[in-house]
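Colleague: Those protein sequences? They're chains D and G, same order as listed.
So the first sequence is residues 1252 to 1374, counted in our numbering.
So the second sequence is residues 739 to 1054, counted in our numbering.
Source of the hints: derived by calculation from the structure; they are not laboratory data.
Computed from a prediction, not measured in an experiment: that's the story for all the values here.
Glycine is no exception: its CB is placed at the ideal position from the N, C-alpha and C atoms.
Hints may be right or wrong, so weigh each one.
To be verified - Here are some chain G residues pointing at chain D (derived, C-beta under 8 Å):
#	residue
1	H862
2	V920
3	L984
Claimed, not checked - Just a few of them, taken from the derived set where beta-carbon distance is under 8 Å, the chain G residues facing chain D:
#	residue
4	E808
5	T865
6	L868
7	L881
8	D882
9	H883
10	E982
11	L985
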Amino acid sequence: MPRFGDLEAAIMDRVWAAGVPVRVRDVVEDLQRERPIAFTTVQTVMENLFRKGWLRRAKEGRIHRYWPAASREEYSAGLVEEALQAAPDRAAVLARLVARMPRGELDALRTALEEAKEREGLS
Amino acid sequence: MTVAVVLLGYAAVLAVCGPRLLGAPAWMEHAPRLGIVAWQAASVSFLASLVLGGLALSVPTVQVSANLAEVLRACVLALRSQYATPGGAAAGAVGATLALGVFVRCAYSVAATMASAVVARCRHRSTLRLVGRPGPASGVIVLDHPAPAAYCVPGLRRIAGGHVVLTSAAVGALDGPQLRAVLAHERAHLRAHHDLVTAAAAGLAAAFPRLRLFQAARAHILRLIELAADDAAARSEHRLTVAEALLAVASGPRPAGSLGAGGSADADRVRRLIAGRRPLGRASAALSGLAVALILAGPLLIFAGPAMSTLNTACC
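Put together the whole structure using the sequences plus the hints.
Modeller: In structure tokens:
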């Protein structure tokens, strides 16, 4: 039995990959290629994702078609921006690795690094 | 009263001289972890002096004897005599307010900082869970993003659950050893609970925004945790590989809206890695450790000193 969160991620994966609005049945068939899964389980999770704002949907006859509220890249960009923007000790995440540096400084550091590598026989 | 004056004086000296004394020493570049402890010790010691100084103002000292009833009666008498005079009562009230006020304000601010970080972290993780892809090692998540970046999301439980996040551009820009160096750096943050270290420092800085000691402690601790994590990475990979990895990430395209500041401090980190770190000699490490212990023990010694030396007085 997969954990609920994993299933949410798997479903979002399929919806993003599809590129067009999908029915619950499409997602179920896609998922069933990897593991047996019940229609109602997928339906419940997709309704949850709709309620949480991850999916949009529209009724077409008697069935819903779902599509993502935003692209994966948009969500990723939001996360990365949050991580890099916030003060490192107030944020959800800890200290970005390193800040961007001006071109001139980078070049000077690269030169110093190459010299050190040569001195220590690494290059 | 003397005890209170000495404690409050000690706090004042720490507040004025602390930032200058701890801001300069070169040994912190060689022993960043000890440096972090030194700044924490100065902060805790300052707080303890204020709180204990306030307490010493509000409660008089009495003779200690074997008979508990005797001590209690002496206490009551001493308290009554202090609070009988308007001056004594005023000093007592000021002391109690100072002790309680400082303690509550700091505790609240640190708790609030940590709580807001936990809330933000939960939100970040729930998005990350759906958007991220499994990375090249366990506990690593990759985000599709055109700018190279790496950060870590501390776990909510003490031991398990911290994640390192890399952007796809970072995975593309780093070779195997560089990637391992970056992971070692981020995992060092997680292992050492740097999230708690920085949240405590930020909480104190927010509680007293005008106090240079806390502002300096926060800024220096933020810098020193990066040095400590760099050192951890340099233990796992060659230090020049760590420098190379930092440069590779620093030279990528800038993500929209990211702050440009902090570049020169990071350039110093790279220079430090290139120069090679000379670990602190045993003697200087011991000396620095002793100094830190003294800073920390100062207020306690002053507070309990009279009682300890004569063994016959104590605070009520």
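Colleague: Take the hints in turn and mark each one as holding or not.
Modeller: Structure-based check of each hint:
1. Hint status for H862(G) relative to chain D: holds, with the closest Cβ pair at about 4 Å, below 8 Å.
2. Residue-level restraint check for V920(G) holds (minimum Cβ-Cβ distance to chain D is 6 Å; threshold 8 Å).
3. The beta carbon of L984(G) comes within 5 Å of a beta carbon in chain D, closer than 8 Å, and the hint placing it at the interface holds.
4. About 51 Å separates the beta-carbon of E808(G) from the nearest beta-carbon of chain D, more than 8 Å, and the hint is not met.
5. For T865(G), the shortest C-beta to C-beta distance to chain D is roughly 6 Å, which falls under 8 Å, so the interface hint holds.
6. The beta carbon of L868(G) comes within 5 Å of a beta carbon in chain D, closer than 8 Å, and the hint placing it at the interface holds.
7. At its closest, the beta carbon of L881(G) sits 4 Å from a beta carbon of chain D; the interface hint therefore holds under the 8 Å criterion.
8. Residue-level restraint check for D882(G) holds (minimum Cβ-Cβ distance to chain D is 5 Å; threshold 8 Å).
9. A least Cβ separation of about 5 Å between H883(G) and chain D falls short of the 8 Å threshold, and the interface hint therefore holds.
10. With a least beta-carbon distance of about 6 Å to chain D, the hint placing E982(G) at the interface is held under the 8 Å criterion.
11. The criterion of a C-beta within 8 Å of any C-beta in chain D is met by L985(G), whose closest approach is roughly 6 Å, and the hint holds.
Checked against the numbered hints above, the structure violates only hint 4.
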